[in-house]
Structure formats: C-alpha cells, structure tokens
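Using the sequences and the accompanying hints, generate a full structural model.
Be aware that the sequence shown starts at -15, since it is given in the numbering used here, and climbs by one per residue.
Hint data in this document are derived by calculation from the structure and do not stem from the laboratory.
The structure displayed is predicted, hence computed values, not measured ones.
The beta-carbon is built from N, C-alpha and C at its ideal position, and this holds for glycine as well.
A couple of the hints might just be wrong.
Per label pair, the in silico range of CB-to-CB distance [to be verified]:
1) Gly149 / Glu214: 24 to 34 Å
2) Ala85 / Met(-15): 47 to 57 Å
3) Glu60 / Val133: 31 to 41 Å
4) Gly232 / Asp118: 11 to 21 Å
5) His198 / Ala159: 17 to 27 Å
6) Met(-15) / Glu89: 15 to 25 Å
7) Asn141 / Gln90: 17 to 27 Å
8) Glu115 / Ala85: 36 to 46 Å
Derived pair list, reagent style EDC-like, types lysine to aspartate or glutamate, alpha-carbon separation capped at 20 Å [stated by the list, open to error]:
9) Lys152 / Glu182
10) Lys52 / Glu91
11) Lys52 / Asp34
12) Lys52 / Asp64
13) Lys52 / Asp97
14) Lys152 / Glu115
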Amino acid sequence: MELGLDGDTVVVTASSAGLGRASAAALADEGANVVVCGRDPERLAATESDLRDLDGDVLGVETDITSKHDVEALVEAAVDEFGGVDHVVTSAGGVPPGGFADLTEQEWYGAFDMLVMSAVWTVRAARPHLEASDAGTITCITSTSVREVIDDLILSNAVRRGVIGLVKSLSRELAPGVRVNAVLPGAHETSRIEELVEAAVERGDHDTYEEGLHSWSDGIPLGRVGDPRELGDVVAFLASDRASFVTGACVPVDGGRLRSA
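Okay, structure coming up:
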C-alpha cells in the first residue's frame, strides 16, 4: 500500500528507543523526513545513524521532553532543517511503577509533565506548521492502560487518560485541517521488556529468555508479544492519506488483549 508520505516531515518525540523509534523507522521507510529526539546523546546518534539507511532524511535533536524550552527548540530545528512540519507523533518514556501509597507528590507532577505536558508543548509549537500543511496529523502513543487499568501502574493508569482527553478534544478543535488520533500499545518487545525478561531469567524465574518473553503473552489471543515495528506501521498508516477519514480514534495495538469494546 502506497502511503504517500514521501517528502513529508514528521517530528517524533522520545524516539531514540522503543516504540517512538519504531514509529520513526516506519515513517522513514515510507520516505518521510523524520526528526528524532532523546536525552541520551549516544543512543540518539545510534538511532540517527540507523535511520539514515532508510528512504527518508533524518535529523536527531537532543531533547528532554519534560522541558518546554527543549520541545520548542525541537520543533524549531525541524522547521529550520526541512521547512515545516506535516506530522507530529508524541511518545514518552515510562513513568515509575507503584500503587497509590508508593508514590510521592513530585512523582505525580513528573508523570504529568512526561506524559501530558510533553504532548501539549509539542502540539502548541507545531500547530501553526501543521495547519499550514495540506496533510497535518497528530498521533499520540499512549497505552492500553487508558482503557483497562494495569496493576501497580497507577501513574500510567491515571495520567495517560489525560492524553486521550487531549486527543479527542483536538480532533474536533483542529478539524478539518489536522487529524488527531491515538494508538494504545500493549506488550511489545522493546528494550524495556528485554531488560525485565533478562532480569527475570537472572533471578531464576525462567530458564531462558524465550520462556520469559513468552510469559508476557499470557492473555494475548494472538499468543505473542508484538514487534515494535508492528506498532510503528499503524502510526505510519494513521499519518497517511490512506487514513484520511480517521480522526479522534484510539486504536489498540495489543494482539487482542483488551477485553473492553
């Protein structure tokens, strides 16, 4: 399927690793100019180098997405390099696990900056450019926790729902010129899950990495965890003209694990 993203410019936040990186790779593979960012300069440089092997141009910008100034500089760098911004994909790292009694007030504020305000700042900075584009889209990567809570992840359960409220509101406010959607990833074989599986093997919970990884597929009808690129391909589709009548949608990419309709 031709997605028609060749030559478009996409800003992808928190994209030096994980699902943000996979989304950037899928977009670059379609010929888009991709601006990636992260806090770790070495990891960012490695991502930038890897993406240069794909069809689109790539720019890496060291960015802390919990800093409004950094996010504004990221969008400015994209405009300076490529002349505008056609698409925004917001991603964010994980927030601390724990239950209600385990977390400090500062951790609540930090989670809000990481998950919600980073998206707000990115959209605010990019909005004039998205509205000037004839293909403007925003796609927010969140979690299935916005539909069904996950034990011991109260920050994700509570705070990520704010992103969904933002998506639904913006899908109406920015229509018809800019489409706004969210994807809700379930378990994917990211570096974070790899670390958790390896730690479980070291503890003796599993004999092999493969056995430990398979344990994450419990309750997933497709019987496995996802490849991050499978999420990235959905993100690329939502940014494309092939999804031109899709806005305000929250699309699970979880192998069917969610039981909610």
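Structure-based check of all given hints:
1. One distance hint, 24 to 34 Å for the beta-carbon pair Gly149 and Glu214, holds here, with the actual separation near 26 Å.
2. The hinted range of 47 to 57 Å is satisfied by Ala85 and Met(-15), whose Cβ atoms lie roughly 49 Å apart.
3. A hinted range of 31 to 41 Å holds for the C-beta pair Glu60 and Val133, which are about 38 Å apart.
4. For Gly232 and Asp118, the Cβ-Cβ distance of about 20 Å falls inside the hinted range of 11 to 21 Å, so the restraint holds.
5. At roughly 43 Å, the beta carbons of His198 and Ala159 sit outside the given window of 17 to 27 Å.
6. For Met(-15) paired with Glu89, a C-beta distance near 47 Å fails the hint of 15 to 25 Å.
7. Evaluation of the 17 to 27 Å hint for Asn141 and Gln90 yields a pass: the beta carbon distance comes to about 18 Å.
8. For Glu115 paired with Ala85, a C-beta distance near 45 Å keeps the hint of 36 to 46 Å intact.
9. Pair hint Lys152 plus Glu182 does not hold up; C-alpha atoms about 38 Å apart against a cutoff of 20 Å.
10. With a C-alpha separation of about 18 Å, the suggested pair Lys52 and Glu91 falls inside the 20 Å cut-off, and the hint holds.
11. Between Lys52 and Asp34 the alpha-carbon distance is near 28 Å, which puts this suggested pair outside the 20 Å criterion.
12. For the hint linking Lys52 to Asp64, the alpha-carbon distance of about 18 Å falls within 20 Å, and the restraint holds.
13. Using a Cα cut-off of 20 Å, the hinted pair Lys52 and Asp97 holds, with the two alpha carbons roughly 9 Å apart.
14. The suggested pairing of Lys152 with Glu115 holds, with an alpha-carbon distance near 17 Å, which does not exceed 20 Å.
Taken one by one, the earlier hints fail for this structure at numbers 5, 6, 9 and 11, listed in ascending order.
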